[in-house]
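Protein chains: 2
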Amino acid sequence: MGGAAFILPIILKIYRNGVNFMNYNISEKFKSLKPSAIREIFKSLGTPGAISFAAGNPNPDSFPVREMREIADEIFDKDASAALQYGITEGYTPLRELIKARLKRVYNIGAPDDELIIVTGGQQGIELTCKVMCNEGDVVLCENPSFIGALNAFRSLGAKLVGVPLNDDGIDVDKLENALKSNPKAKFLYTIPTFQNPAGITTTFEIRKKVLDLAKKYGILILEDNPYGDLRFKGDDVPTYKSLDTDGRVMYCGSFSKVLSAGMRIGFLCGNKELIQKIVVAKQVEDVHTNLMFQMICAKYIEKYDLDKHILEIRDMYRHKAELMISALEENMPKTVSFTRPEGGIFLWCSLPEGASLDQFIKKAGEKNVFVVPGTAFAADPDEPCRSFRLNYSMPSDEEIVKGIKILADICREL
Amino acid sequence: MGGAAFILPIILKIYRNGVNFMNYNISEKFKSLKPSAIREIFKSLGTPGAISFAAGNPNPDSFPVREMREIADEIFDKDASAALQYGITEGYTPLRELIKARLKRVYNIGAPDDELIIVTGGQQGIELTCKVMCNEGDVVLCENPSFIGALNAFRSLGAKLVGVPLNDDGIDVDKLENALKSNPKAKFLYTIPTFQNPAGITTTFEIRKKVLDLAKKYGILILEDNPYGDLRFKGDDVPTYKSLDTDGRVMYCGSFSKVLSAGMRIGFLCGNKELIQKIVVAKQVEDVHTNLMFQMICAKYIEKYDLDKHILEIRDMYRHKAELMISALEENMPKTVSFTRPEGGIFLWCSLPEGASLDQFIKKAGEKNVFVVPGTAFAADPDEPCRSFRLNYSMPSDEEIVKGIKILADICREL
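Chains as they are written, first to last, in the numbering used here: chain P, 17 to 431; chain Z, 17 to 431.
Keep in mind that the hints were calculated from the coordinates and are not lab data.
Misleading hints may appear alongside valid ones.
The list treats identical chains as interchangeable, and a pair is accepted whether it falls inside one copy or across any two copies.
To be verified - Listed next, the in silico DSBU-like pairs over lysine-lysine satisfying Cα-Cα at most 30 Å (straight line):
(1) 226 - 351
(2) 50 - 289
(3) 250 - 351
(4) 191 - 232
(5) 116 - 232
(6) 419 - 320
(7) 289 - 47
(8) 232 - 197
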């Protein structure tokens, strides 16, 4: 009996791998690439009573459902043949024009040689930029920690990641220069300068200017990812890299995921038209174009309603939640635990004291049904030691924030 | 004056490239890759009186607009928070289950070890399969001619294309074996066995069995692209490669673009779960997931309405249009011009007699405001001589078909 139980899986494995199924000789890039830890956590949520600070989701109360329904009906009634048919890869022209106008007005973005393409969420914008820029083995520089979805996109294209530490005022400029010196095959710097994911840090204007100078000196592009830029609830705006761009050096990636709907998958890239033309070719062979009906819904929303007013309401909601989480952390956490105080966006970054075990913390939190994302998920080099974790405040309810932070604080005291 | 007119562009060019703008050191793959000729033609259509046989679009009369509007309203009313929020990369679970059930019922597709993922149109399914399978420099085998969107997707990933001639009964099996022998780095065969794009040819059952045997013998995967399989309007079904698959060797790519809506961008991949797991990782970093609202619309359409009945109506429409085009060709074309007689799908393939110039034909047709796609666009090797062009019959009106074919026939007689 014991013998059969032992042998049967082996026989099945031989049958499975050797006899019955072909051997998949997949690409080198994908042999080691694993699904994002966050998306995997996201899937396993849903146990009753679970408190999740793990998501990167906008609060569903921020979706303008009534308005979108009304617009969708109008399109179905008047323009369904176009909305349901193939469109052009560049994106729905009225939407592109509306975004360009808003970028100019709000961010002073848009030079005469710039062009804009609609992409299937900011994620596609990031991936396409790397695809067009990098051969396998080329280097991408990034903040460390950084957005795992971007890091994995670069890995999936065979690019080599070089992380540059992130300080409280932004990327470490001296270490960036060292990295540029020692990596002549670097093609671009990927950065989330505003309300960074995962750290919630905003790079100062002074550092932005220095980074731009370094990019010029070493001849690399900057991919500026700004999905949270509209969500400032405190402090003053800092100019985007793109608004400071004088030589087509910045590719700007924006998204409607955090201000209208994440599930519709609509983002955009704005950069020099020479590069955007290549991005168009890359997108054409990836998904032909982005869902057209929702591009039209976005355009009509911007035309008919007040997107800026809608964004102000989201800022109020997130200001309240961020302040609540920060107070709860200040009141409950041992002083040895540090955390960032973001002025916008949806994340903050918490660090355990020296000697504490992140693994043990994450495990204990999970046992108490509280979920956070371990900092290791955001590391350019996943083997680096890490004592930090990411907290999201856009999704949990006020009660969950207060209760969940108390639970995490209790665990920290016991570490 | 003449001198200034000569020098000014040069100065501007220096200013543009040398002084003011950075040099984009883009990837080798993208240096030579151009936008699809078809998409470019598609963009320039719209001149009044133009007759286009160039599209690959479904007829907009085939979109179930009323039903989709009704379903969209229901989702906005009852499930908007979910529909507009992030979803899982694998796709909306009810839709995946409904597609699996239909594939089983209609095509006998689906082994216990198979899994299914929703993708952003069949185009993404094709691109993702290549991304997971191929390193830069690996070989992809394809029918010659073949779907340009797929060929460019493979090129965009640095794969090397090796075309195998397509005969009237399907891919040339002997030449396929030669190609397999001389390309040990071949990773998979890309094939559209049913109502092929661009040729309209369906590979016979006998040839499919031989191709599958060769794939086993040489250890390669088959990527079966079947966007038109539901659109048979004549003759008998031929089993898909996937339904004959015994060892997880076939990745099947399907799409709703030709039966519900192309603009919504929803397709699917069905293959061995080991490979689908890698595809999930690849998709996660490409666009996180496919537009969720439209995944839900598809699911509810299949649940509430009769997709098979809807497809029968589309078949009737396309049978009529195909027969009309074939009669017009038979009546008008000189006998030296040959063409395929498809039993389904949306294309047929026309070949000029030996010695005729395709370029001249295309040019003259354009001058008469009739647009077709030159066969060169579909060649694995674009420098190969070609005398064929693709005709689409799903989009033009009956009048346009009759009038346009007469114009093309007149041009052929003058070549």
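Results for each hint:
| no. | hint | in the structure |
| --- | --- | --- |
| 1 | 226 - 351 | neither (34 Å within a copy, 71 Å between copies) |
| 2 | 50 - 289 | between (34 Å within a copy, 15 Å between copies) |
| 3 | 250 - 351 | within (24 Å within a copy, 76 Å between copies) |
| 4 | 191 - 232 | within (16 Å within a copy, 52 Å between copies) |
| 5 | 116 - 232 | within (25 Å within a copy, 52 Å between copies) |
| 6 | 419 - 320 | neither (40 Å within a copy, 43 Å between copies) |
| 7 | 289 - 47 | between (35 Å within a copy, 15 Å between copies) |
| 8 | 232 - 197 | within (13 Å within a copy, 49 Å between copies) |
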